[in-house]
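Trainee: One line per chain: the protein sequences are A and B, in this order.
Under the working numbering, read the first sequence as residues 819 to 1314, first letter to last.
Under the working numbering, read the second sequence as residues 819 to 1314, first letter to last.
It is worth saying that the hints were derived from the structure and are not from the lab.
None of the values given here were measured: they were computed from a predicted structure.
Heads up, some of the hints might be wrong.
Heads up, the list lumps identical chains together, so a pair's fine if it works in one copy or across two of them.
[Stated by the list, open to error] Taking lysine-lysine pairs in the DSSO-like style, the calculated list, with each CA pair at most 30 Å apart, reads:
#1 LYS837 <-> LYS1302
#2 LYS1023 <-> LYS1140
#3 LYS837 <-> LYS981
#4 LYS999 <-> LYS1184
#5 LYS949 <-> LYS1302
#6 LYS837 <-> LYS1276
#7 LYS1205 <-> LYS1276
#8 LYS1137 <-> LYS837
#9 LYS1205 <-> LYS1097
#10 LYS1205 <-> LYS1159
#11 LYS1314 <-> LYS1097
#12 LYS999 <-> LYS989
#13 LYS1023 <-> LYS837
#14 LYS837 <-> LYS1205
#15 LYS1276 <-> LYS1018
#16 LYS989 <-> LYS1302
#17 LYS999 <-> LYS1023
#18 LYS1314 <-> LYS1205
#19 LYS1184 <-> LYS1097
#20 LYS1314 <-> LYS957
The primary structure of each chain is shown beneath.
There are 2 protein chains.
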Amino acid sequence: MTHSPSTPHYLHLTEHFQKIAHFEHLSALGDWDQATMMPIGGSESRGAAMAELARHIHELKTDCFIETSIEQAEEELLDSHQMSNLREIRYQFMQANVVPADLVQAKTQLAYRCEHAWREQRANNDWQGFKPNLEALMKLVKEEASIRAQAQELTPYDALLNKFEPGMTTKRLEHIFGDLKSWLPGLIETVQGLQAGDSKISLAKYSARSQEALGRDVMAYLGFDFTQGRLDVSSHPFCGGVPGDIRLTTRYDEADFTSGLMGIVHETGHARYEQGLPKEWRGQPAGGHRSMAIHESQSLFCEMQLGRGEGFLTQIQPKLRKHLNSQLTIGELNHIYTRVKPGLIRVDADEVTYPCHILLRFEAEKGLVDGSLDVADLPEFWAEHMKSLLGIDTRDDYRNGCMQDIHWAVGELGYFPSYTLGAMYAAQFRFAMEASLGPVDELLAQGNIAQVFDWLDKNIWSQGSLLTTEELVKRATGETLNPKFFRRHLEQRYLK
Amino acid sequence: MTHSPSTPHYLHLTEHFQKIAHFEHLSALGDWDQATMMPIGGSESRGAAMAELARHIHELKTDCFIETSIEQAEEELLDSHQMSNLREIRYQFMQANVVPADLVQAKTQLAYRCEHAWREQRANNDWQGFKPNLEALMKLVKEEASIRAQAQELTPYDALLNKFEPGMTTKRLEHIFGDLKSWLPGLIETVQGLQAGDSKISLAKYSARSQEALGRDVMAYLGFDFTQGRLDVSSHPFCGGVPGDIRLTTRYDEADFTSGLMGIVHETGHARYEQGLPKEWRGQPAGGHRSMAIHESQSLFCEMQLGRGEGFLTQIQPKLRKHLNSQLTIGELNHIYTRVKPGLIRVDADEVTYPCHILLRFEAEKGLVDGSLDVADLPEFWAEHMKSLLGIDTRDDYRNGCMQDIHWAVGELGYFPSYTLGAMYAAQFRFAMEASLGPVDELLAQGNIAQVFDWLDKNIWSQGSLLTTEELVKRATGETLNPKFFRRHLEQRYLK
Ligand SMILES: [Zn+2]
Ligand SMILES: [Zn+2]
């Protein structure tokens, strides 16, 4: 980034957003620490500190000089990257400026309290305890959605979607998800039929310690740089931190190492995206991740496209033998990781039934935001939809039902669709990648996994937010989002 | 704290300082994380973020409304506690207001870089690498000292002392330390003579893991509340965090568990002070620790007054047997922990030779600040003084010489005297405590360690900064700082 003195307004904006990035660094640290390290006694003052920080970041993002400076910077002679950065600055300013600081602070503080209580309430299946918290939080979420909607001339739920997925609409999602609903239940049924005769593979118990050693080894294989990040434990796995210091987490189940391991693979995908963002644009809006669907496309590329493929499983099987002394064959691993079985928990779902969990949440969120669904009726709504989508009975099991995810406990509505959009992008990326590099499985067998990541780096990571999502995907794959690749991927892998 | 509407200016100030406390919470978190968790890749952006935060806190503390509001609050009808709080607000404002924000940010950023490099340089005994960093940092320290000195009409070094020890002067320290110098070398010699025949006790190796289990057990015995804090590992042990979430650290030497264990006892003393600060004044200047000497008095009370006494060693000996399977007798433990032996490292020093390490640093700091000692001449200065004070040759051993402490690597001059002042206060508190409760050893033998902490809580912890240091010490012990108690303590313990 070079600044000619002929662009003083642009320069001023970049300095200001660099300052904001410093405070966002602290926000990322506070979030990570709260989930991994903080004892219970810290929650009240941490909640207050994080709310104060959120308010401060919000005040910086809505500083009164910004609007005028953007207008003046638009008259300055900027190169195309600077113009992209200015576009992202404008978007961030607009997203922040429409919401009053008091609401930001109130929601942050309430979300912290609610999440904190949720951790225990979930463990105790305590829906009656969680319900009033969620009701209070939903009031603020609806207030936020309606304020955002008015300012952007969007529907309230579209306004929430746009926080994570700029440009995405309920209408487009209903189209994409409607298509999905037309063929996915049939596919699930067919695959279950094909797998009906398979016998269940029983797993030995492995200590968290040896699972962690395995996880670190697999992360290194996936190119994770441990001088630029950490692996820890949290009850809800996530990838946080900042590009030079990515903090990812997982959880270990001694009775089933397979889920924690694939959790690590997933979060490593997020981590490599963050670590691969353009260094010269660090601290600037153009240097950030493109959208949450693109973020999830990178984690799901690792977890689903790579991770559940035979090529990858062949590569990591010796590591399982080394760290766990596991005798599982490649065939058995393949069987475990491509087993399609409707279940209660989204994060444990296989890739075929996973979208059903999203369809349910998408419908619920729309209802919660437009007022057609009350928080009090959520468990019944949940039970009905789990029954019709996946044929599972969830009544009275709140902890594995509508209390299972952290998203609502922190008031984050509009995020869930990103997971399935991400799965679709990931499939589209793999087909595009294979068109130029040949089958991924062969690259892995030749020890060339680096080529896979080079493709992602060149086409996705290093682009940051310099392009719009549409441009990015079109340049990488020749077209914008096309869900047919996801269907093709599932059919190729599961109907063979 | 109740606010009548008749004290609007005072109220406004308390709200503002509560806000500052929120940002200081984040600063404490950033410091702790940097020392315990952060991978190397995070150091640059963390340094920048912490500098930005320091600047922001500084701007808040020097907000232009404060000076007028203090004047107006002084006219309001405040109770005595509120008046104390206003006094501390005024002191914090003055301390911050005399230093320009640019200097604060520059020093914070440089200190982060310097410390980061020092960690590796120290390991490599790399004085040539450290020297230019320290020189650059010393330039800023001297600039800060001279700005503070001018504003407060103090000498530059006094101005630095006052950051940690409000009201302390070089002159008074020279008096106290001069007295110390008159009898301590003789005492060291005598004690060494008395201990000359003692044979060295050899220690078995213990894993960091079992030492940690022992440490946690001892912390619990000392009343540490693990729902209000954590224990971790860092290369330079410290006690950080915030009152509801105290983060203390130690380091484990497999070949010598005794130092890591007493490190934990020391930091637990700090932690209990912080955890015991008045809850109703949290976030207000009157609710903070009184001074760094008082802080060290609490850690040294635990480590020296309690920790090296026979009563305490008797209580923890079964814990050593339990966690380490150690066969050490109480006599042997007593022998280890009261062994007087001049050594290179301040933090590993026994309580008799420890003040010599402070005398050296006090002289060096005075010289570095008044310009009579150049950074380049520090190793020679060090060697000479270690020779004359403790009879030890330190030439060419920089890592165990002038590079051993973190303080200078982060530009913190003026702190070291607090350790020896703390040791003196600790002795004075013990004699006062025993005058009302009887011998501490007997209380411990009766399982009444809680009475010891109740005395500290009532007299020190719960007072926060509501009293001045002089008032606090006078109320607790009947007189202000009197170094004779320290001498009496050493003579009673070591000349028996
Ligand atoms: Zn993800
Ligand atoms: Zn200390």
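Trainee: All hints, please: hold or fail.
Mentor: Outcome of the hint check:
Taking the shortest alpha-carbon separations for LYS837 and LYS1302, neither the intra-copy value of 42 Å nor the inter-copy value of 52 Å comes in at or below 30 Å. With identical chains, the CA atoms of LYS1023 and LYS1140 are at most 30 Å apart both within one copy (15 Å) and between copies (29 Å). In this assembly of identical chains, LYS837 and LYS981 lie within 30 Å of each other by CA distance both inside one copy and across copies; the values are 21 Å within and 28 Å between. With identical chains, the CA atoms of LYS999 and LYS1184 are at most 30 Å apart within one copy only, with a shortest distance of 17 Å there and 77 Å across copies.
Proximity of LYS949 and LYS1302 under a CA criterion of 30 Å is satisfied in neither setting, with 39 Å inside one chain copy and 63 Å between copies. Taking CA atoms no more than 30 Å apart as the test, LYS837 paired with LYS1276 passes inside one copy only; the shortest distance there is 28 Å, against 44 Å between copies. For the identical chains of this complex, LYS1205 and LYS1276 are neighbours neither inside a copy (43 Å) nor across copies (61 Å), given an alpha-carbon limit of 30 Å. In this assembly of identical chains, LYS1137 and LYS837 lie within 30 Å of each other by CA distance neither inside one copy nor across copies; the values are 43 Å within and 50 Å between.
When the C-alpha separation of LYS1205 and LYS1097 is checked against a cutoff of 30 Å, the pair qualifies neither within a copy, at 47 Å, nor between copies, at 50 Å. In this assembly of identical chains, LYS1205 and LYS1159 lie within 30 Å of each other by CA distance solely inside one copy; the values are 14 Å within and 75 Å between copies. Neither within a single protomer nor between protomers do LYS1314 and LYS1097 lie at most 30 Å apart by alpha-carbon distance, with minima of 42 Å and 66 Å respectively. Taking the closest pair of Cα atoms, LYS999 and LYS989 come within 30 Å of each other only inside a single copy of the chain (15 Å); across copies the shortest separation is 82 Å, beyond that limit.
For the homomeric pair LYS1023 and LYS837, neither the shortest alpha-carbon distance inside one copy (48 Å) nor that between copies (49 Å) is at most 30 Å. For the identical chains of this complex, LYS837 and LYS1205 are neighbours neither inside a copy (49 Å) nor across copies (49 Å), given an alpha-carbon limit of 30 Å. In this assembly of identical chains, LYS1276 and LYS1018 lie within 30 Å of each other by CA distance neither inside one copy nor across copies; the values are 41 Å within and 64 Å between. Proximity of LYS989 to LYS1302 under the C-alpha cut-off of 30 Å is restricted to the intra-copy arrangement: shortest distance 18 Å within a copy versus 82 Å between copies.
Taking the closest pair of Cα atoms, LYS999 and LYS1023 never come within 30 Å of each other, the shortest separation being 38 Å inside a single copy and 63 Å across copies. Proximity of LYS1314 and LYS1205 under a CA criterion of 30 Å is satisfied intra-copy only: 28 Å inside one chain copy versus 81 Å between copies. In this assembly of identical chains, LYS1184 and LYS1097 lie within 30 Å of each other by CA distance neither inside one copy nor across copies; the values are 38 Å within and 43 Å between. In this assembly of identical chains, the alpha carbons of LYS1314 and LYS957 never lie at most 30 Å apart, being 48 Å within a copy and 72 Å across copies at closest.
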